[in-house]
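Chain residues, written in single-letter form:
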Amino acid sequence: MEDAQVVALLVRRCIAGDAVAWEEIVQKYHRRIYNICYRFAGSGDDAQDLTQEVFIKMYRTLNTYDVERGAFMTWVTTVTRNLLVDHFRKTKQDRVTDSLDAAPSEHQDAMPLSEQIHDKSQPPDARVQSRETSETVHKALQKLSPELREAVILRDLQDLDYREIAAVLRVPEGTVKSRINRGRAELARLLTRTYRQVM
Amino acid sequence: MPGESKNGMQCAEFDALLNDALDHTLSASKMESFQAHARVCPVCSLLKAEAEEGQRWMKSLAEVEPPANLVHNILAATTGRESAQVKLATPKPSWIDSLTAWLRPTFTVARQPRFVMSFGMVFFSLSAVLSLSGVKASDVSHVDLRPAAVRRSYYETSGKVIKYYENIRFVYEIESRVRDFKRATTPAEPAPEEQNKERKNDTSGQPEQRQERNYSQGENQPVLASLPDDPPVVTMTTYRRFV
Chain B
1 MEDAQVVALL
11 VRRCIAGDAV
21 AWEEIVQKYH
31 RRIYNICYRF
41 AGSGDDAQDL
51 TQEVFIKMYR
61 TLNTYDVERG
71 AFMTWVTTVT
81 RNLLVDHFRK
91 TKQDRVTDSL
101 DAAPSEHQDA
111 MPLSEQIHDK
121 SQPPDARVQS
131 RETSETVHKA
141 LQKLSPELRE
151 AVILRDLQDL
161 DYREIAAVLR
171 VPEGTVKSRI
181 NRGRAELARL
191 LTRTYRQVM
Chain L
1 MPGESKNGMQ
11 CAEFDALLND
21 ALDHTLSASK
31 MESFQAHARV
41 CPVCSLLKAE
51 AEEGQRWMKS
61 LAEVEPPANL
71 VHNILAATTG
81 RESAQVKLAT
91 PKPSWIDSLT
101 AWLRPTFTVA
111 RQPRFVMSFG
121 MVFFSLSAVL
131 SLSGVKASDV
141 SHVDLRPAAV
151 RRSYYETSGK
161 VIKYYENIRF
171 VYEIESRVRD
181 FKRATTPAEP
191 APEEQNKERK
201 NDTSGQPEQR
211 QERNYSQGEN
221 QPVLASLPDD
231 PPVVTMTTYR
241 RFV
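From first to last, the protein sequence lines stand for chains B and L. If you're matching positions, the first sequence starts at 1 in my numbering and goes up one per residue. If you're matching positions, the second sequence starts at 1 in my numbering and goes up one per residue.
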């Protein structure tokens with residue numbers, strides 16, 4: 001059976017009240033949703049809360065998903081994106097003051113898997129440098145405007161194709177491509193500036 | 001610049017093809033004209049370089065691992081059911097872990113510079129107030145905290161306060177005025193005979209006043225002393241000292 005068919009069957013079982021099917025869906029998509037939330041919201045705690053909210057919303061509106069209208073992943077990403085936009089609007093004021101209180105290090109849970117598992121082959125200096133680079137890129141990503149950020153995240157981190165991104169963001173494909181280009185270029189400029197300041 | 005044609009390709013077209021070029025999905029002929037345009041147009045060349053670099057940075061970001069309890073929390077929030085897999089996989093946390101997890105939010109707040117600054121200001125203000133009021137840390141350390149000593153100091157302090165309060169001239173004057181006022185407003189006391197009658201009929205069971213009981217013994221008891229019919233008048237004046 002194809003993946004789309006498996007997912008459609010899972011969704012039907014969920015709607016029928018099968019708790020095991022729902023758990024399978026949660027197990028299958030939680031990592032992906034958490035990563036989108038983490039890269040967009042910037043903090044592990046926010047990402048955890050948002051991921052929970054996404055699943056609660058999915059659980060309540062699962063019967064509105066139409067298999068004919070698109071892939072389940074696109075629907076899930078759309079739900080996630082809508083919640084992220086709401087969250088962004090709600091926390092707009094907080095971000096102005098929170099930047100002063102930003103913790104120096106990120107949430108431990110939000111550490112990349114590659115950094116949690118100790119790589120014996122990589123020397124400690126390289127590991128520290130890799131972590132610092134990752135932190136710097138993550139921070140620079142937070143400085144992008146939300147429109148550019150979401151486009152870049154969905155393309156470069158979630159590997160969605162342009163058509164899927166256009167469906168999630170509800171904009172034409174040309175706009176998606178333009179946002180991705182501008183987002184990448186802006187990120188490169190920010191990081192160049194950061195590294196120039198450090199050196 | 002958009003709309004500008006260089007080497008058979010406009011900048012807007014270059015911009016539209018940039019994603020496909022970076023994804024390596026352009027046909028050979030398109031790629032050739034794309035690269036030719038990039039060679040002659042500095043603006044598009046810079047955009048391509050930056051987009052490539054940005055893509056490289058984004059690809060360097062690794063996938064992050066979600067917290068271990070995320071699935072459990074989601075299932076608890078949606079179905080109220082515990083995950084079978086999580087239940088088997090995660091051992092029961094020790095009480096130390098639970099306590100640490102419980103205290104973590106508090107310490108996270110306490111670690112914020114804003115909180116630390118506020119705490120510092122409160123501490124500084126308290127120490128300034130205490131030192132100005134003459135309280136020393138050595139005095140505090142010698143305070144006797146035994147229950148009996150605490151009780152004694154409580155009674156001593158309350159006694160001092162009551163004494164001080166009652167000796168205030170204003171309070172005393174008010175009290176005496178109130179007493180005068182009461183005396184003026186209450187009706188005159190009934191005659192002793194009426195009082196005796198009333199007491200005979202009193203069935204409340206309350207004992208009579210001691211002074212009256214003593215006087216009631218007069219007729220049967222021998223007279224130990226007596227006053228003349230016309231006793232001398234003694235005038236007494238009381239002076240109250242105001243402190």
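Don't take every hint at face value.
Said to hold, decoys possible - Mimicking DSS-like on lysine-lysine, the simulated pairs with C-alpha atoms at most 30 Å apart in a straight line are: (1) K28/B x K90/B; (2) K92/B x K143/B; (3) K59/L x K143/B; (4) K92/B x K59/L; (5) K92/B x K139/B; (6) K28/B x K59/L; (7) K28/B x K57/B; (8) K59/L x K139/B.
No lab work stands behind these hints, which were simulated from the structure alone.
Structure-based check of each hint:
{"no.": "1", "hint": "K28/B x K90/B", "verdict": "holds (29 Å)"}
{"no.": "2", "hint": "K92/B x K143/B", "verdict": "holds (13 Å)"}
{"no.": "3", "hint": "K59/L x K143/B", "verdict": "holds (18 Å)"}
{"no.": "4", "hint": "K92/B x K59/L", "verdict": "holds (28 Å)"}
{"no.": "5", "hint": "K92/B x K139/B", "verdict": "holds (17 Å)"}
{"no.": "6", "hint": "K28/B x K59/L", "verdict": "holds (22 Å)"}
{"no.": "7", "hint": "K28/B x K57/B", "verdict": "holds (16 Å)"}
{"no.": "8", "hint": "K59/L x K139/B", "verdict": "holds (15 Å)"}
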